[in-house]
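> Given the coordinates of chain A, assemble chain B onto it according to the supplied hints.
Residue numbers (the numbering used here), protein chains in the order written: chain A, 69 to 181; chain B, 102 to 215.
Fair warning: there could be bad hints in the mix.
Said to hold, decoys possible - Some chain A residues judged to face chain B by a derived CB distance under 8 Å, without partners named:
id : residue
1  : MET102
2  : LYS110
3  : PRO112
4  : GLU113
5  : LEU114
6  : TYR117
7  : LEU156
8  : LYS168
9  : LEU169
10 : PHE171
11 : ALA173
Hints were generated in silico from the structure; no laboratory data involved. Owing to the predicted nature of the structure, the values given are computational and were not obtained by experimental measurement. Just so it is clear, CB atoms sit at the ideal spot from N, CA and C, and this is done for glycine as well.
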Amino acid sequence: QKEVEQDPGPLSVPEGAIVSLNCSYSNSAFQYFMWYRQYSRKGPELLMYTYSSGNKEDGRFTAQVDKSSKYISLFIRDSQPSDSATYLCAMSRFSGGYNKLIFGAGTRLAVHP
Amino acid sequence: DAGVIQSPRHEVTEMGQEVTLRCKPISGHDYLFWYRQTMMRGLELLIYFNNNVPIDDSGMPEDRFSAKMPNASFSTLKIQPSEPRDSAVYFCASSLGRSDSPLHFGNGTRLTVT
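Isolated chain A, as found in the complex:
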């Protein structure tokens, strides 16, 4: 079993829809949770970052962490065609110093006008 599971999609939604992207994980030691967005032929870029449990909102984006269920989500409100990209979840442990990020497979999202 992979440490991080993410449905690769593709997910196709109409403009204006609410999008829900999800990842599950098996390692309860993960403390840092991130979402990266990757446009075609570009490198991933950090979109959202949360530490431990709870919600974090940034504009149209909300990141949610449920450590009891080992499940994280990214919600996109009022989705736009410019949101069409691959979204990768990533997570790491905390033990001082650098800890290797474990990435999900990425979910490909297409928002059509």
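Relative to chain A, chain B alone:
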């Protein structure tokens, strides 16, 4: 800041040839990472450096792969000899190295080995 710079953007080579990928990290970042991305395996960490020293190369698939970081502003990933199964997009990333510090990725080198 120009971000992480990788070259070349595309590389097409024949099986058995040596391939060298290059990376310039963001100035001031003390960690540098090499990743490989394929449809089948997603984003895989190959090796990472801290202050120019290789820390973990457990992701390097075989002895055909080697990486160096001669100074804080330059790193190379070399494949010798290359094989068709090495075809992938190779990303370099840098960061400040704290667990809450994001990785900054370059735009990758798309390698095709025929």
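> Against this structure, judge whether each hint is valid.
Here is how each hint holds up against the structure:
no., hint, result
1, MET102, "7 Å, holds"
2, LYS110, "5 Å, holds"
3, PRO112, "5 Å, holds"
4, GLU113, "7 Å, holds"
5, LEU114, "4 Å, holds"
6, TYR117, "7 Å, holds"
7, LEU156, "7 Å, holds"
8, LYS168, "6 Å, holds"
9, LEU169, "7 Å, holds"
10, PHE171, "4 Å, holds"
11, ALA173, "4 Å, holds"
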